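Number of protein chains: 2
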Amino acid sequence: MLSRSAIQASRAAFQRRGMAYKAPLRDMQFLLNEVNDSAAHYEKLKHSGGDEATPDVVDMILQESAKFSENELAPLNEASDRIGCKQTGPNTVITPPGFKDAYLNFVAGGWQGLSFPEKYGGQGLPNSLALFQSELTATANWTWTMFPGLSKGAINTLLAHGDELVSEKYLHKLISGEWTGTMCLTEPHCGSDLAQVSTKAEPIGNGKYKITGTKIFISCGEHDFTDNILHCVLARLPNAPAGIKGISLFSVPKFKVEDDGTLTSVLNGATIGRIEDKMGCHGSPTCEINFDGSIGELIGTENRGMNHMFTFINTSRMGTAIQGLAASEGSFQASLAYAKDRLAMRSLRGAQNPGGAADPIIVHAAVRQLLLFQKCISEGGRAMVYDSAYVGDLMADAAVSGDKALAKKHDERLAFLTPILKGFLTEVGLEAANMGIQVYGGHGYIKSNGVEQIVRDVRIASVWEGTTQIQALDLLGRKIMLQKLKPINEHCGGLYKQAWSSFTSPASTKYGSIRSHAAQLAKVSAQWHATTYRIAAKAGSNKDAIGVASVPYLMFAGYVSLAEQWLKMESVAAKALEKNPTGPDADFYLGKIEAANFYFENVLPRTKGLLPQMTAPIASVMNMKVESFAPTQ
Amino acid sequence: MLSRSAIQASRAAFQRRGMAYKAPLRDMQFLLNEVNDSAAHYEKLKHSGGDEATPDVVDMILQESAKFSENELAPLNEASDRIGCKQTGPNTVITPPGFKDAYLNFVAGGWQGLSFPEKYGGQGLPNSLALFQSELTATANWTWTMFPGLSKGAINTLLAHGDELVSEKYLHKLISGEWTGTMCLTEPHCGSDLAQVSTKAEPIGNGKYKITGTKIFISCGEHDFTDNILHCVLARLPNAPAGIKGISLFSVPKFKVEDDGTLTSVLNGATIGRIEDKMGCHGSPTCEINFDGSIGELIGTENRGMNHMFTFINTSRMGTAIQGLAASEGSFQASLAYAKDRLAMRSLRGAQNPGGAADPIIVHAAVRQLLLFQKCISEGGRAMVYDSAYVGDLMADAAVSGDKALAKKHDERLAFLTPILKGFLTEVGLEAANMGIQVYGGHGYIKSNGVEQIVRDVRIASVWEGTTQIQALDLLGRKIMLQKLKPINEHCGGLYKQAWSSFTSPASTKYGSIRSHAAQLAKVSAQWHATTYRIAAKAGSNKDAIGVASVPYLMFAGYVSLAEQWLKMESVAAKALEKNPTGPDADFYLGKIEAANFYFENVLPRTKGLLPQMTAPIASVMNMKVESFAPTQ
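Protein chains in written order, with the working numbering: chain A, 1 to 633; chain B, 1 to 633.
No wet-lab data here; the hints were simulated from the structure.
Hints should not be assumed to be uniformly reliable.
No copy is singled out in the list; a pair is fine if it fits within one copy or between any two copies.
[Said to hold, decoys possible] Calculated lysine to aspartate or glutamate pairs in the EDC-like style (CA-CA distance at most 16 Å, straight line):
1. LYS625 with ASP587
2. LYS340 with GLU627
3. LYS625 with ASP585
4. LYS22 with ASP101
5. LYS100 with ASP224
6. LYS256 with ASP227
Since the structure is predicted, the reported quantities are computational estimates derived from the model, not experimental observations.
Using the sequences and the hints, build the whole thing.
Here is the structure:
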């Protein structure tokens with residue numbers, strides 16, 4: 001491990017490189033207070049208990065999270081990639097330098113419990129605030145963020161499905177951050193196809209079970225942060241039905257815990273086989289865990305494990321969407337600093353920096369296209385995430401107040417939005433991160449400059465928690481076709497309304513682009529809507545129509561969603577500029593207007609290429625015989 | 001270094017993983033003998049001296065290159081990434097295990113000289129054959145391939161511009177492979193903007209110069225393969241004009257060489273400052289070289305160094321295009337093997353493998369889309385490269401036979417094609433390589449499975465030898481606008497002819513898709529053609545129109561070029577199938593037909609998204625003030 005002075009040296013080197021992370025607080029405040037009315041939103045949630053999310057509290061939370069991310073987490077990021085995690089025994093994994101101290105500071109500040117119930121020691125604030133906070137830590141240091149992120153998934157799962165005994169036993173420690181949590185799903189042979197899970201759970205009485213089997217790809221499955229770790233494990237009871245309907249969920253701690261929550265020093269038979277050597281994410285250990293008669297409790301109902309685990313999976317999918325957005329933001333910040341500083345070539349319009357050896361590369365159209373794309377994904381992705389986070393708040397609120405129908409309505413909306421967020425933002429987040437290397441040129445390929453690490457770290461985002469391909473099938477197959485198109489009808493209905501409202505808003509008369517953008521949003525929404533019907537009609541005679549359409553459909557949905565956010569943001573910015581065209585925030589608002597122009601003219605047109613792919617002839621994808629792919633190899 | 005037995009163990013592990021590389025010889029023969037008539041082509045070149053490229057000789061060369069690549073190079077690839085290169089002193093770099101032995105075998109077989117003149121010990125075969133060979137070694141082991149690849153660039157540069165003294169002094173050893181070559185362009189402050197080169201060359205009489213300065217990013221700048229290394233170095237003579245017109249090119253050996261070519265043991269003042277720690281390409285050392293009064297000779301004419309260096313750069317750009325294609329091919333082979341083997345989920349059509357726990361993932365539409373895209377890029381990219389390679393053959397042939405006008409015509413055509421090959425194939429090659437991770441799922445992120453290495457290795461391809469953005473400006477600005485649109489008029493003329501010929505060919509009546517594809521090719525060619533005029537018109541009043549259009553223009557050009565190749569290939573395949581619908585090659589030809597269907601229905605439509613980007617309002621890219629990109633950061 002690095003000494004304290006080595007960490008300080010690494011921090012100084014990091015700041016010299018000009019890559020100091022700066023939390024985008026102004027943009028978050030724009031979303032909270034201008035695009036949305038968070039004061040009113042949080043006012044509505046007041047009764048859900050806990051601290052009140054007044055503007056002051058929100059501001060304090062963002063400020064403190066920003067400081068922690070900028071000063072504590074960001075400087076650890078490069079060394080965590082270089083040094084990684086080391087396994088030193090069956091139950092010992094050493095995390096990167098500084099990670100543990102940062103985690104203990106995080107816990108001491110009570111941050112893990114921010115959005116969880118007071119009943120278990122949390123602060124009871126809305127989840128949307130916790131997501132703002134996650135983005136800040138994720139951009140500063142993605143792999144560190146995974147540790148508290150996985151605990152959140154375990155907490156949500158226990159809150160939703162755990163009985164009183166299990167919840168009392170574990171939730172206090174998870175919410176305080178004294179212990180962390182993991183999700184143990186995959187096994188060597190089954191990947192995302194959890195119907196093939198073969199880990200066994202044998203009842204031994206007293207509500208206890210013996211768990212035996214091997215799980216792989218367990219993020220943060222072992223570490224040196226805390227005294228204990230709670231594994232949430234999928235396993236099969238004896239005589240359980242085959243396939244997905246025979247899987248149950250169990251709570252399996254690393255060290256045994258008394259029923260009253262007292263920690264023992266007795267290991268529970270869960271050992272680490274190895275940690276994986278990966279492309280990136282070196283700061284978080286990816287573990288193979290062997291459960292050998294480990295004792296656990298049932299979470300929720302027998303054979304409903306997959307249903308319960310989806311609480312965890314959906315938490316992680318939202319976290320992964322943030323991973324995509326954070327990679328874009330991190331790469332954008334580094335690229336922008338570099339593009340302002342680096343001199344190369346002259347502008348096609350003639351020298352823009354005649355006193356210098358060359359012009360800064362930000363003058364070149366092709367470099368600006370990279371930076372503008374990154375800005376569109378970072379800020380537009382942020383707006384997408386927080387839009388959904390508010391739906392999550394409303395759902396939680398309805399559940400607390402006992403309005404089941406309303407909770408279900410919000411839950412369904414969130415279920416519709418989640419695959420778009422996860423699938424789309426990880427794909428475009430990777431693209432935006434890759435652009436960072438392009439802006440840096442050859443220097444981007446050198447590890448010490450940091451932008452290639454962002455690419456390696458985010459590459460897993462479109463794979464884990466269900467690949468983009470699985471998100472796409474979830475969206476089009478499960479969330480739309482199985483619901484008989486109701487969610488898309490409702491969603492597009494909302495988009496038409498938004499487009500019309502922007503089209504007719506007073507600001508649009510001054511900023512002509514808003515009218516044109518509103519018309520474009522209406523058009524792509526209608527294309528999306530109509531194409532859904534076309535696919536449904538084709539699928540009536542051939543289900544493969546759904547498979548063929550799914551990935552371009554998901555991407556189309558993502559670009560429309562970004563258009564929705566950019567139209568909303570530029571409308572607010574236009575109004576603010578009309579009111580005060582030369583105020584201190586004018587550059588900020590002009591940035592929104594110009595980025596929206598870039599988005600609608602240069603990014604949204606990608607939908608024109610996706611449209612024919614969604615309805616490509618089924619045969620053009622399905623007809624190739626397996627033998628014809630590469631017949632001589 | 002690994003011992004021989006360790007190398008054997010690594011080779012065995014490699015084969016167990018099922019990632020054994022299989023040279024796509026059938027596909028190469030298809031291009032050589034069916035799509036093109038290589039026998040006639042090579043017959044025409046007979047008089048250029050050297051061995052005759054008869055079908056037997058060609059076949060022997062491909063077979064031997066395949067064996068060498070499959071058996072010698074591919075097994076070294078994984079360890080070269082893991083172990084990398086190590087600098088042990090100012091003039092000592094240890095290459096990865098097995099690299100040197102493989103190189104010595106390559107040299108012993110006379111492979112370095114394959115396409116170079118007999119006069120200097122080469123075999124005088126056409127360059128197109130050497131490019132086929134490069135693809136085989138590049139897919140098996142990219143970083144090993146860089147060593148002989150850079151020598152080729154140095155050889156071409158000396159052949160084209162070196163005087164008799166310099167050529168005699170170095171070419172024999174470079175062509176035999178006893179020495180290797182490098183290109184020394186970039187310096188810490190200048191990247192691709194070589195106008196900023198500040199390395200100094202001071203004449204000391206007798207045709208000798210003292211070279212002083214620091215070069216960075218010198219691939220294979222130091223190694224343990226050979227007794228000497230020849231650096232081709234850009235530097236400024238005293239009183240040279242400022243900028244690009246004041247740069248000259250020098251030959252600077254690592255060890256001093258007598259004028260008669262005798263090697264001395266006197267170092268020449270060129271030392272390695274460091275080797276870079278990179279995202280990938282660990283098998284090839286990227287060196288900082290400090291020239292401290294190193295003695296060299298002028299290559300070519302004073303102050304024409306950039307012109308001369310373009311011979312090297314163009315060789316490297318073609319090599320980099322092959323890097324993109326090779327990454328796609330390597331990832332495709334691994335992905336296909338995995339997709340046939342890995343069981344997950346059931347087909348939307350119902351179980352296709354009812355006896356197994358699940359269906360192999362190749363049944364799923366979204367997985368097939370990944371594999372088909374990889375096939376389209378690999379085989380279509382190969383066809384693009386060899387089409388250009390033939391133009392290169394014809395150019396070399398015309399030069400040898402003294403037909404300067406014809407040589408110039410072919411040279412100009414190659415100059416037009418090169419940025420498309422380099423820019424487009426590296427971008428889609430990276431995309432195809434990334435799909436390998438997607439097919440493997442979480443396992444694709446684990447280093448030992450090999451597909452993530454392909455992504456890391458190829459990521460530099462769209463950066464070095466001029467970024468995609470620079471290729472795009474080269475194509476649209478220099479190669480088209482500066483030539484007053486003549487090259488695009490000629491090129492599109494050829495495309496219209498090809499489309500019409502396929503549209504009216506007899507095979508098209510049986511395979512209806514050919515008619516439709518021919519019509520699509522005609523349409524996108526016309527769009528490309530017409531949009532060029534539109535951009536030219538806009539650029540008349542605002543040069544930024546070129547910058548804004550350039551990258552989508554380059555990508556559009558690439559997709560049209562792939563369409564051209566796929567139409568050609570499916571036409572040949574259709575004819576072969578009509579003749580013999582059930583022969584042993586039927587699966588191979590059906591693979592071409594189905595891949596073409598996939599390409600035209602699922603990939604070419606991307607052009608619809610690129611079209612509006614090419615003519616996006618200039619303001620949508622250029623208007624954002626620098627202060628507005630991220631005003632609060």
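Cross-check of the supplied hints:
1. LYS625 with ASP587: Between. Shortest inter-copy distance 8 Å satisfies the 16 Å Cα cut-off; intra-copy 57 Å does not.
2. LYS340 with GLU627: between (52 Å within a copy, 10 Å between copies)
3. LYS625 with ASP585: Between copies only: 14 Å across chains, 59 Å inside a chain, cut-off 16 Å.
4. LYS22 with ASP101: Neither: 21 Å inside a copy, 50 Å across copies.
5. LYS100 with ASP224: within (7 Å within a copy, 43 Å between copies)
6. LYS256 with ASP227: The answer is within: 11 Å in one copy meets 16 Å, while 64 Å across copies does not.
In summary, the one numbered hint that this structure violates is 4.
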